[in-house]
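Asker: Sequences and hints are given; from them, build the entire structure.
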Amino acid sequence: MSFAISRSASASGTARRPIRGHPRRIALVILGGGLTGLLILLPLVTVFSYALREGLDVYLRHLATPESRHAIGLTLLAAGVAVPVSTAFGLAAAWTAGKFEFPGRRLLTSVIELPLSVSPIIFGVAYLFVFGMQGVLGPWLDERGVSLAFNVPAIVLVTTMVTLPYVFREVLPLVLAQGVQEEHAAATLGAGGWQTFFRVTLPNIRWALIYGVTLCFARALGEFGAVAVVSGAVRGETNTLTLHIELLSNDRVATGAFAAASILSSIAIVTLLVKTWVESRETRRV
Amino acid sequence: MSRPRRIIPGFGLTLGSTLLVVSLAVVLPLGALVFKAAGLSWSDYWGYVSDARAIATYRVTLLAAAAATLLDLFLGLLTAWILVRYEFPGRRLLDSAIDLPFALPTAVAGIALAALTVPTGAVGALFAPFGIKIAYAFPGIVLAMSFTSLPFVVRTVQPVLADLEPALEEASSTLGAGRWATFRRVVFPEIFPALLSGAALALVRSLGEFGAVVFIAGNLPFKTEITALLTYVRMDEFDYPGAAALATVILSFALLFLVGVNFLQTRLHRRLHG
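If you read the sequences in order, they're chains L and G. Residue numbering for the first sequence follows the working numbering, beginning at 211 and increasing consecutively. Residue numbering for the second sequence follows the working numbering, beginning at 247 and increasing consecutively.
For the record, the hints were derived by calculation from the structure and aren't laboratory data. Possibly wrong hints are sitting among the right ones.
Beta-carbon label-pair distances, calculated as ranges [what the hints assert, rightly or not]:
1) G:Arg513 x L:Phe408: 34 to 44 Å
2) L:Leu251 x G:Phe320: 11 to 21 Å
3) G:Leu316 x L:Gly389: 32 to 42 Å
4) G:Phe468 x L:Gly244: 31 to 41 Å
5) G:Phe468 x L:Arg416: 43 to 53 Å
Output of the computed footprint for chain G on chain L, the stretches with three or more beta carbons under 8 Å from beta carbons of chain G [claimed, not checked]:
6) 339 to 345
7) 359 to 366
8) 414 to 422
9) 428 to 442
10) 462 to 476
Below, simulated SDA-like cross-link-like pairs (lysine to any residue); rule was C-alpha separation at most 20 Å, straight line [as the list claims (entries may be wrong)]:
11) G:Lys379 x L:Leu248
12) G:Lys469 x G:Val364
13) G:Lys379 x L:Leu252
14) G:Lys469 x G:Ser342
15) G:Lys469 x G:Pro412
16) G:Lys379 x G:Phe503
All values reported here derive from a predicted model rather than from experimental measurement. Idealized CB from N, CA, C, for every residue including glycine.
Answerer: The following block contains the structure:
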């Protein structure tokens, strides 16, 4: 199965018709564009207007509290591990599933993409059944003085688990579409494996890779469900940005929650800009 | 397209490392989860999954996901249609913005949608005079789910709509069919598989949504509690067998729907590529 549908159809076969002077078309555009535009953009506007409603000073003070700074640091740490791992994994898995035919290839693809469609809560719970004290490996690790539950390593590991498919999902369709001819030519001309990868394959997939990495980064920063289960959410100790948002919104410190949310929203906007830029590069090449 | 095995290097290395990582990150934890649930006696297991509060969460989750999917179908089709067919100011901005729910953390979407739809919020204030509650009620769950799943419908329908042969519609209108008849008899059958596939993806995504929903749902047991949240609550209460049992229910539903999506996409692919 494939989830790679996030690429928009930029090269359209039909010419787009003007709407000026066509009341029916204008009505459809206002209805569809208005509803979708509001549904998607209003939450974004809300985040920034609530974050800044008590002024820039208060906004910056909320971001500078020790708890906020700790949450930002921990979130960056988790993403700092999750993104490189997902990138290396995504490239290796896309190479295997995209360049070779073997039995179980489709099943492997589905299993890799499973975290995209199963509630992250399930992965948090499943993680604790491996590394928690009631898990299959937890007691064994505990005897050796290692704890991987309700602490920082747990947050880092579970974030990596849930964000693993993002680079793979964006890169695979391009690897498949590219086929194997260029790699064949490279291999025939005597190029080694790494040389082929860096000189032939990577330039072909780099735009999808850039978007995949950006999206993975955004998802790693914003991971909530799985992290909520395994963190123990100790304020100032195991609190990521999203957990910090939850605590603040429970405390009714809404401005603080929205200040933290504004950081994550800005990253999301950057992600969309990268995607738009990447797509314009792809269309120009075609 | 044939992918010969031997000429291109790196098969052993990449397959080996992929299998290793997938085993550790996906197969081991999910295996441990099923193992944990399998340790329960059948009557205990049944007790956990058929408890009245659990049943209520299935109803809330399934009904909200179904309603969100219907909303996404309508809005997604309309949006894909105007994006592909018409040139209007702001089209490119709208096209780029469609993917926002993929990039925006679900917890952020949740608090923002909740702030908008409480009775004092910008949108909630419009509905409050009619006694309609959105945030901390069922409609809030539907709203959160349709926000996070909308891109699936738009992005599945968009390319199919763009590839549609304009000559077909011209022929239809030349033969005297009205706009509605042309849409219903010519366009709709062509995009139906894509629409169905997008809807299935949106449904799977809605069933699995957690972050956006918990901030807006109110989370009242029996009323606005989703299954994923009850699993979290059981975990929080150190009721590990209960959490394991509920988690297997969610996992089975997700797998069931994924197999369905897979089936639909294979048929869609066959239909498009002969």
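Asker: Each hint needs a verdict: does it hold in this structure or not?
Answerer: Now the hints, each set against the structure:
| no. | hint | in the structure |
| --- | --- | --- |
| 1 | G:Arg513 x L:Phe408: 34 to 44 Å | holds, 39 Å |
| 2 | L:Leu251 x G:Phe320: 11 to 21 Å | holds, 19 Å |
| 3 | G:Leu316 x L:Gly389: 32 to 42 Å | holds, 40 Å |
| 4 | G:Phe468 x L:Gly244: 31 to 41 Å | holds, 36 Å |
| 5 | G:Phe468 x L:Arg416: 43 to 53 Å | holds, 52 Å |
| 6 | 339 to 345 | holds (count 4) |
| 7 | 359 to 366 | violated (count 0) |
| 8 | 414 to 422 | violated (count 0) |
| 9 | 428 to 442 | holds (count 9) |
| 10 | 462 to 476 | holds (count 6) |
| 11 | G:Lys379 x L:Leu248 | holds, 19 Å |
| 12 | G:Lys469 x G:Val364 | holds, 17 Å |
| 13 | G:Lys379 x L:Leu252 | holds, 18 Å |
| 14 | G:Lys469 x G:Ser342 | violated, 36 Å |
| 15 | G:Lys469 x G:Pro412 | violated, 49 Å |
| 16 | G:Lys379 x G:Phe503 | violated, 31 Å |
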